[in-house]
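Numbering follows the working numbering, with no gaps: position 42 of the sequence shown is 42.
Don't take every hint at face value.
Stated by the list, open to error - Quick list of the computed label-pair ranges, beta carbon to beta carbon:
#1 Tyr134 to Ile31: 15 to 21 angstroms
#2 Lys113 to Glu141: 25 to 31 angstroms
#3 Pro136 to Val56: 30 to 36 angstroms
#4 Thr44 to Lys112: 35 to 41 angstroms
#5 Lys113 to Ser22: 15 to 21 angstroms
#6 Glu5 to Lys97: 14 to 20 angstroms
#7 Arg46 to Gly120: 25 to 31 angstroms
#8 Glu3 to Pro136: 23 to 29 angstroms
#9 Thr44 to Asp87: 32 to 38 angstroms
#10 Tyr119 to Glu3: 17 to 23 angstroms
Claimed, not checked - Simulated pairs of lysine-lysine, DSS-like, Cα-Cα distance not exceeding 30 angstroms:
#11 Lys129 to Lys89
#12 Lys132 to Lys89
#13 Lys113 to Lys97
#14 Lys132 to Lys100
#15 Lys11 to Lys129
#16 Lys100 to Lys11
#17 Lys133 to Lys113
#18 Lys129 to Lys112
#19 Lys100 to Lys112
#20 Lys133 to Lys112
#21 Lys97 to Lys133
#22 Lys6 to Lys129
#23 Lys113 to Lys89
#24 Lys112 to Lys6
#25 Lys113 to Lys11
#26 Lys6 to Lys89
#27 Lys97 to Lys112
#28 Lys132 to Lys97
#29 Lys11 to Lys133
#30 Lys112 to Lys89
#31 Lys132 to Lys113
#32 Lys97 to Lys129
#33 Lys97 to Lys11
#34 Lys6 to Lys133
#35 Lys112 to Lys11
#36 Lys100 to Lys6
#37 Lys89 to Lys100
To be clear, the hints were calculated from the coordinates, so they are not data collected in a lab.
Glycine residues also receive a C-beta, built at the ideal position from the N, C-alpha and C atoms.
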Amino acid sequence: MPEPEKTLVGKQGEFIILANLSEMGISAYHIDAADTDIVCIAHTERPIRIQVKAMVSNIGETFRVRKRHNHYYDENSFEIVACVILDTKEIYYLNFKAIKSIYGDGGSVTVKKLRQFTYGLTVEECWNKAVKKYYPGFLIEERKDESYLSRLNGNGSDSGKRSEGQLQQGVLF
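All chains, full assembly: derive it from the sequences and hints.
Shown next as structure tokens:
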């Protein structure tokens with residue numbers, strides 16, 4: 001039986017975020033838990049749990065950041081929300097503080113409001129802004145040749161202390 005379109009949109013968004021994080025040199029894994037879709041692992045930081053929200057702009061123009069039946073997420077649910085607009089290929093990363101400031105109590109935000117909140121930021125700058133205060137080990141920097149400098153991808157000062165297999169074991173066990 002085919003999956004509903006809404007489920008497929010969500011899954012596509014999750015894998016776009018995984019690809020984007022990988023491109024930035026951040027070890028990320030799809031876990032699809034109750035409140036967490038993706039987890040990022042670094043040996044210098046505690047894991048970051050990411051909730052992915054995806055949409056196609058012609059389906060609707062509002063991201064809903066709440067669980068089923070209007071139950072709202074709280075600060076223990078995840079650290080970062082990643083919003084993906086599939087047809088325009090836009091990606092936005094927000095920490096929980098930013099989520100509360102733009103989503104308020106309604107649990108949803110329009111694409112227009114999200115774009116205004118992140119105006120002028122690249123995807124990488126949006127990521128850095130979301131993690132800077134709480135997870136400095138996950139910061140990335142774009143180099144002149146358009147590659148990324150990260151402590152996590154073998155280019156930075158803290159890289160190389162754990163293998164990819166060890167990082168995976170940290171997620172699985």
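*Non-conforming hints, listed in increasing numerical order*: Hints 5, 6, 8, 10, 34 not satisfied by this model.
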